[in-house]
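Enquirer: Chain by chain, the residues:
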Amino acid sequence: MLTIFKRELQSFFFSAIGYMVMTFMFMLSALFFFFTSILENSANLSGTFNSIFSLAAFFSPIITMRLFSEERNKKTDQILLTSPIKLSSIVLGKYFAAILLYFICISITLVYAAVISGFSALEWPIVFTSFLGMFLVGSAFISIGMFFSSITENQVVAVVVTLVTNIVVLIMDGISSSLPVKFISNFFKSLSFSSHYFQSFPMGMLKLKDVVFFVSLNVIFTLLTVRAIEKRRWS
Amino acid sequence: MIKVRGLTKKYGSNLALDDVNFSVKEGEVLGFLGPNGAGKSTTMNILTGYLSFSSGSVEIAGADILRDPMEAKKNIGYLPEIPPLYPEMTVDSYLKFIFGIKKSKLPMEKHIDEIVDKLAIGDVRGKIIRNLSKGYKQRVGLAGALIGDPKILILDEPTVGLDPQQIIEIRNLIGNLKLNHTVIFSSHILSEVQSLCDRVLVINKGKIIADDAPKDLSRQLENKQNFFVLIEGDKDLVISLLNSVDYISSVELIRESQKGVFEYKISASSENEIRRDLFFALSEAKLPLFGLRSCDFSLEEVFLKLVKNSKPQKLPQEEVSKSLQESS
Numbered sequence: 065m066l067t068i069f070k071r072e073l074q075s076f077f078f079s080a081i082g083y084m085v086m087t088f089m090f091m092l093s094a095l096f097f098f099f100t101s102i103l104e105n106s107a108n109l110s111g112t113f114n115s116i117f118s119l120a121a122f123f124s125p126i127i128t129m130r131l132f133s134e135e136r137n138k139k140t141d142q143i144l145l146t147s148p149i150k151l152s153s154i155v156l157g158k159y160f161a162a163i164l165l166y167f168i169c170i171s172i173t174l175v176y177a178a179v180i181s182g183f184s185a186l187e188w189p190i191v192f193t194s195f196l197g198m199f200l201v202g203s204a205f206i207s208i209g210m211f212f213s214s215i216t217e218n219q220v221v222a223v224v225v226t227l228v229t230n231i232v233v234l235i236m237d238g239i240s241s242s243l244p245v246k247f248i249s250n251f252f253k254s255l256s257f258s259s260h261y262f263q264s265f266p267m268g269m270l271k272l273k274d275v276v277f278f279v280s281l282n283v284i285f286t287l288l289t290v291r292a293i294e295k296r297r298w299s
Numbered sequence: 013m014i015k016v017r018g019l020t021k022k023y024g025s026n027l028a029l030d031d032v033n034f035s036v037k038e039g040e041v042l043g044f045l046g047p048n049g050a051g052k053s054t055t056m057n058i059l060t061g062y063l064s065f066s067s068g069s070v071e072i073a074g075a076d077i078l079r080d081p082m083e084a085k086k087n088i089g090y091l092p093e094i095p096p097l098y099p100e101m102t103v104d105s106y107l108k109f110i111f112g113i114k115k116s117k118l119p120m121e122k123h124i125d126e127i128v129d130k131l132a133i134g135d136v137r138g139k140i141i142r143n144l145s146k147g148y149k150q151r152v153g154l155a156g157a158l159i160g161d162p163k164i165l166i167l168d169e170p171t172v173g174l175d176p177q178q179i180i181e182i183r184n185l186i187g188n189l190k191l192n193h194t195v196i197f198s199s200h201i202l203s204e205v206q207s208l209c210d211r212v213l214v215i216n217k218g219k220i221i222a223d224d225a226p227k228d229l230s231r232q233l234e235n236k237q238n239f240f241v242l243i244e245g246d247k248d249l250v251i252s253l254l255n256s257v258d259y260i261s262s263v264e265l266i267r268e269s270q271k272g273v274f275e276y277k278i279s280a281s282s283e284n285e286i287r288r289d290l291f292f293a294l295s296e297a298k299l300p301l302f303g304l305r306s307c308d309f310s311l312e313e314v315f316l317k318l319v320k321n322s323k324p325q326k327l328p329q330e331e332v333s334k335s336l337q338e339s340s
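If you read the protein sequences in the order shown, they are chains A and B.
Going left to right, the first sequence walks through residues 65 to 299 as our numbering numbers them.
Going left to right, the second sequence walks through residues 13 to 340 as our numbering numbers them.
Simulated from the structure, these hints should not be mistaken for laboratory data.
Values in this document were obtained by computation on a predicted structure and should not be read as measured data.
Each hint should be verified, as a subset may be incorrect.
[Unchecked claim] Which residues of chain B face chain A? A partial, calculated answer using Cβ under 10 Å:
#1 Pro81
#2 Glu93
#3 Tyr98
#4 Lys108
#5 Ile110
#6 Ala157
#7 Gly160
#8 Lys163
#9 Leu316
[Said to hold, decoys possible] Derived DMTMM-like pairs: lysine to aspartate or glutamate, alpha-carbon spacing no greater than 25 Å straight-line:
#10 B:Lys163 to B:Glu93
#11 B:Lys22 to A:Glu217
#12 A:Lys70 to B:Asp228
#13 A:Lys70 to B:Glu121
#14 B:Lys86 to A:Glu294
#15 B:Lys115 to A:Glu134
#16 B:Lys317 to B:Asp246
#17 B:Lys139 to B:Asp125
#18 A:Lys295 to B:Asp223
#19 B:Lys108 to B:Asp161
[Unchecked claim] Quick list of simulated restraints, FRET-style, between CB atoms:
#20 B:Tyr23 to A:Phe122: 35 to 45 Å
#21 A:Phe122 to B:Lys139: 35 to 45 Å
#22 B:Val172 to A:Ile81: 23 to 33 Å
Glycine residues also receive a C-beta, built at the ideal position from the N, C-alpha and C atoms.
Pulled out of the complex, with its shape left as it was, chain B reads as follows:
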């Protein structure tokens, strides 16, 4: 459905995208992940024909975006980072305007009614966009992207700036959309990408540094079990005890959470269950266990690790783990 080959974009001497290659199959949901300024929005702006590029090729549903832009753009619904809304228009007139410029052949009233129902914006249809809440504005923007029933939806950070309730609603909407559309969306909220996408592209400094299913992505880097434990008692005693438990490879003191109670991070070197041994070791030494939680690699950590590793100068391992802690 989408083919991107050797895409490079320069802003003056600044390389915004560097030889980006990927393709998206019909019906696939692709997540774009990357820190701010990584090139996510630039890529999306190029795919939709808003920006041009320095070299490479972009094919949308069989049409080259430079040679046949009209045909390519017909297949795209785009929701940019800031929804492109005219504040002085009413929702209804805005949607009709979008319908007009999309040159859709569908019956207008019926089509707009359907989209309004789907996005539950019926009660604000007659209102002026300026007066809508952010969540409604985002939904109206999404409605605009859906007009003309395009095969491909490109959504740039659709959940940014919304409250948790609205985020869930928008996510559910995207979840429903993937039944009928090919969807590309960008985000820096990783759980969102995890729950919605078939595939994730991680992009940093204009380069794709990972392209995989979300599950495989975290498995790539996950080879040990990690736990946070809260234990009451003398910290030197606890550390030496923890180090003596089978399979525990490292123990780190993190902080004193209450008086006399310390939090540690422990890592096990193998797949073996260490919690049982840990419990008995502590109870024998009469050291009360206040809490235990696992800290498996979340996509956040995978992401940070990938981004860090892709830097030209590798940081020493210690610093990487230190910054991982700070962020967790």
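One chain only, chain A, in its complex shape:
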């Protein structure tokens, strides 16, 4: 697993995708930080964190698109799958590499927090729960993206399908409130990322049900990825 993890991380930075995603995440989050905190003279970082919620939805597909699609397209999956290494190790190695890249991207917010703390007292517990929330949301997006990457050999298809899914997830609240039937509407609402995120993490709260929600999404989509690759062998 470690070998796969290392190679995957290297290839993010060999292929410029790593730098590109990092540049845009840093730049856009800095923009939000500037407008919502610096210009407003506010020690409240919630504007910056909330912006990352949408940034993660748009940038995670770029991180995940090549994970499996590229291997399949270039036939390099043949060397992975014929080596004495478990399929779960391959999937986890890639998953953790993508997660680490995402973590580096959002860790810039901690720098912003440090900058603000130089001028005014900061509510560190809220910063940390928000950060954890951001991390969990992003990791869920990444596991969804990884799954879509494993079912197609075309990176463009992978990125588009993941993006559409992420956008649906973002506007899930709107979808659920427009549905007339109560229990269906409730079901969709329970899948909404924003209601699971905004009602706890930015307020400095760690609710078990919300943490479990995001962690289980990670587990489910990682398992689905393993199954999708396994299934292709048998088709």
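Could you slot chain B onto chain A? The hints should help.
Expert: Here is chain B on its own, set in the frame of chain A:
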């Protein structure tokens, strides 16, 4: 070393492999021969555990590929049709990566140095794979297959797309490898199979249609002598003269190669030497002989014949010989 029993693979309703049986002994070099889409790559992908199969069993060095895939895969070095290279990596980091996923217990630096020397890729070791020529890429792929010193090497069309010089180099490499490894390789270049293999499996439409040493394979079908001759003079005269020579069983006009010079294909029905009689017959009739070459059955022809014969509806004999000519 490898045992394959009743191997069947279906893609939906399409039967890719149909009850394939064969085994390979330790140290043997087995050639896989067949037209494109015959099932060569599918068989290799199954042997290496990349694909699964519908029914049958595959045993690699005593380990079942489905029940104990880790143990089976440890003994295999695989070079697929397209070398599985990461274009953005350097040769050195690629080989180290392969070493890592093969979980080899050998000393890494020394082992990789040895393989790099063996394949003569020392001068490109620091280069990025994307920038390598096709021949080097193939060699790096082969180096990847050799890492971990596997007992069995499975090479899928290792010489396709290389220039003649590189083909010779790769062939020599395979020739050296057979000293320490059991090798299976596929090809549709028959001379290659002829020169390298102890045994040839001919596969067509998912079925094995021949399993023999290359020599015996061509002997199976070779029961007459065939020659191409170039003779100057009136073609009707020449044909009637040729037909009168002892043991010549058939004469065929092929084409006019120069003005007044025609090429014929003649077949002799027995082992007897016909060239002497042919020469004297022509010189008596004052018909100059411009050229004579034998056209023994090459593996190409054997192969085509086997593939054609394995078709469900047999073609009439005439058509078979006609298409043999076209291909020769």
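Enquirer: Now look at each hint and say whether the structure bears it out.
Expert: Results of checking the hints against the structure:
1. Pro81: holds (8 Å)
2. Glu93: Nearest chain A Cβ about 8 Å off; hint holds.
3. Tyr98: This interface hint holds because 6 Å falls under the 10 Å limit.
4. Lys108: holds (9 Å)
5. Ile110: holds (7 Å)
6. Ala157: holds (9 Å)
7. Gly160: holds (9 Å)
8. Lys163: With a closest approach of 13 Å, the Lys163 of chain B hint is violated.
9. Leu316: Leu316 of chain B check fails; min Cβ-Cβ to chain A is 30 Å, beyond 10 Å.
10. B:Lys163 to B:Glu93: Roughly 20 Å between the alpha carbons, so the hint for Lys163 of chain B and Glu93 of chain B holds.
11. B:Lys22 to A:Glu217: Cα-Cα ~22 Å, so holds.
12. A:Lys70 to B:Asp228: Violated. Lys70 of chain A to Asp228 of chain B sits at ~51 Å, over the 25 Å cutoff.
13. A:Lys70 to B:Glu121: Distance of about 18 Å is within 25 Å: holds.
14. B:Lys86 to A:Glu294: holds (20 Å)
15. B:Lys115 to A:Glu134: It holds: about 24 Å lies between the C-alpha atoms, which stays within 25 Å.
16. B:Lys317 to B:Asp246: Given that 25 Å is the threshold and the Cα spacing comes to 33 Å, the pair is violated.
17. B:Lys139 to B:Asp125: With Cα atoms ~16 Å apart, Lys139 of chain B and Asp125 of chain B stay inside 25 Å; holds.
18. A:Lys295 to B:Asp223: The hint is violated at about 33 Å.
19. B:Lys108 to B:Asp161: holds (14 Å)
20. B:Tyr23 to A:Phe122: 35 to 45 Å: holds (38 Å)
21. A:Phe122 to B:Lys139: 35 to 45 Å: holds (36 Å)
22. B:Val172 to A:Ile81: 23 to 33 Å: For Ile81 of chain A against Val172 of chain B, whose Cβ atoms are near 32 Å apart, the range 23 to 33 Å holds.
Of the numbered hints listed earlier, those contradicted by the structure are 8, 9, 12, 16, 18.
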